[in-house]
Structure formats: structure tokens, C-alpha cells
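Here the protein sequences line up with chains A and B, keeping their order.
Sequential numbering from 0 applies to the first sequence in numbering that gives the first Met the number 0.
Sequential numbering from 0 applies to the second sequence in numbering that gives the first Met the number 0.
These are computed hints drawn from the structure, not numbers from a lab.
Each residue gets a CB set at the ideal place from its N, CA and C atoms; glycine is no exception.
Heads up, some of the hints might be wrong.
[What the hints assert, rightly or not] Take a look, some chain B residues computed to stay more than 10 Å from chain A by CB distance: (1) 70; (2) 123; (3) 177; (4) 178.
[Said to hold, decoys possible] If you want the footprint, here are the derived chain B segments under chain A, 3+ residues with CB under 8 Å: (5) 48 to 54; (6) 164 to 175; (7) 199 to 211.
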Amino acid sequence: MRAEEFAERKVAVDGWEVNLASYRLGDVFHCQADNVSPGAWLARTTAPTRAEAEQKALTRASQLLARTRRCA
Amino acid sequence: MSDYAHPENLVSTEWVALHASEPNVRLVEVDVETSAYDEGHIPGAIAWAWRSQLCDTLRRDILSAPAFETLMQESGIGNDTAVILYGDNNNWFAAWALWQMRIYGHKDVRLMNGGRKKWISEGRELTTEVPTVKPARYRAASPDFSLRSFLLQAQGASAGRASALVDVRSPAEFTGEILAPPGLPETCQRGGHIPGARNIPWSKACREDGTFLPYDELKAVYAAEGIDGSKPVIAYCRIGERSSHTWFVLRYLLGLPGVTNYDGSWTEWGNLVGAPVQRGAAAAARG
């Protein structure tokens, strides 16, 4: 099998820049959400459509990012 | 890749597609854990998890020599095997594995330029099949600690400035605005950086597709911050994996002498009682 329809885009989540990378493997879309700086992965999800996989990744990323404190 | 000081430490995705199945080549996907590998990986690749397989899980350290030998043996890696490492996060943890393999004297170990993301974005073959591995014989060399810095060396570099300290974390971590990468658990008591360190995020060494910048551009990136080979360099980050990536760049792509990875990094320094901490941006580059 091969990854198809690979796509990336950056979105803002709770004031943090997040990179969404998604692709299709067979009938399943995979999505990975990374914090852009420094580039660590936050969530990895699967779903029947790209939109659903991205939404699940964004939901999880948002939960994690909400815990990040900005120090004065 | 021919402009790099030691291009033999790097292979392209094209090279892997052509050579991964050769009998003396072992392909390893390396990440903090193996969930990405489980989704699909390069045919023939085995997986190493940084958290459980590439660190001592009792005390904080790299693997002991016997544990390292066991990992190699169980991975079907002999002393003469060509090992190709790749992974997520632009090869952060793959670079850690390469650093550790060099500490224990493995000669032929290379990174796949661009890592997992580049392979996937190119639409290359993936599988969920886990290969059967025939155990090999392996003998680790005495550890080469000239590749590694400990707290004492980092303290010396901060106090005496005989070595350059390169903090490869994000600017927000360096300045102390945040205590860990956004979304990850806070693993230090204090934010900021080691006094005297320059902030050159690891990502400055890469293009958008994850591959390394060409030699001239890399040289310019680091020279702009005074990293030009005129003094030894200690790279550090939070847990030592991002700094393994920069260690690889400085040592093998630029060929700078005396480059070490301080794997204790900020999770050691930022938790030390009484350690000096600098916040905000760095001072101007020192000569």
C-alpha cells in the first residue's frame, strides 16, 4: 500500500500554531497534529474522511495545548 | 549530499527504496513510541521506541553496553550491518539512536534524509507487516564519551566559555516563556536557558520537507551565531533528542570538531537546585 493524497496545512489552536499532516492509506485517512514550534507531535488519528481525521486531531491537540502555561 | 563534510552518514529516500532489502542493510524506524510504525512503515523496517528501548528505564542514562548489545542482537544487527535510521519529528529520535550507536562504536549507521514524513509525502510503499528478524551477534565497543557532554562539561562551558553552548529548543522555551513544547508535560521546575547559550532551534537546519539544508546554507546558519568550529560545541535541548539532531548536523554535515550532545539537557539543568538560569533572549554572540 502507499500513502495517497498527502496534504499539510497550518492552523492556530488556542494561540498556538499547529501543523496538520494527513494522508489516505487504503480506505482510512490518517492525520497527525504537530506543534509547529518546536515540531513535536501532539495527536495521531484515523477516520473515514480527511475532515473527520483532522477534526479528531484538532480536538486532541486543543486539549493538550490548553494545559500549556505561558510564564510571565 | 556530496557537499556535506561526511555525506556517507546520510541516505535519500530514493536510496532506501533501492537498497532497503539488501541482506546487510537493516532499516529501523525510531520514534518516542511505535504508534506511527504500527500505522504503516517502510517494508522491511523494524521499530525502536526511544522511551522503552533506547534509554535505561531504571536510572536516567543511555543504554548500558550489555543492554545495547542485546538490542542490536535482537534487531538482527551485527557489527558490520549497514543500519539506516528514520523516524517522525524530522528524525529527532533517529538521530538519538545514531548518536548512541556511534557512542558504542557502530561504524555504518546513517539517517534517511527527510525521515518518515518525506517517505509518506512521496507516496512510497508502506506496510503493516512486521519482519521476522534473525538474531545476530554483536559486540559493543567501549563507550566513546567524546561524543557526549555531562553536567560538569555544561557547567564548565557556561562558566568559562571555552566551549560554545547551543540551545536547540524553540525560542519560547529558550526565553522561559514556556516550560515544555506546547501541549507536552512540563518537565522542569524553572524556565530559561543555560547562561551563555545561543539559541539556534534545530529546525533552522531543515527545509520544509524535513530534509537538511545544503552545506553552504547550514554553514551560514550556524556561523551567524558564532558556531564556526573555532571552539568545541555542546548542543542541548529538553531531553537530548533534538540536540542529537543538531549534533548530527554539526558533526557530520558541517564536519565541525569537538561537537557533543548534552543529553541531560534542560530536564537536568532546569531542575537543579542552585543552577544559574538566564531568561529572555541571549546576549550578543561572543567570539
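Hint check results:
1. Its beta-carbon lying about 24 Å from the closest one in chain A, residue 70 of chain B satisfies the requirement of being farther than 10 Å from that chain.
2. A cut-off of 10 Å between C-beta atoms contradicts the statement that residue 123 of chain B is not in contact with chain A; the least separation is 7 Å.
3. Distance check for residue 177 of chain B against chain A: the nearest CB is about 6 Å away, which does not clear 10 Å, and the non-interface claim fails.
4. Consistency note on residue 178 of chain B: stated as away from chain A, yet its beta-carbon is not over 10 Å from all of that chain's, at 7 Å minimum.
5. Remark: the stretch 48 to 54 of chain B is not confirmed as covered by chain A, as 0 of its residues place a Cβ nearer than 8 Å to a Cβ of that chain, below the required three.
6. Given as covered by chain A, the stretch 164 to 175 of chain B passes the check, having 6 residues with a CB less than 8 Å from a CB of that chain where 3 are the minimum.
7. For the stretch 199 to 211 of chain B, the stated coverage by chain A holds: 3 residues have a C-beta nearer than 8 Å to a C-beta of that chain, and at least 3 were required.
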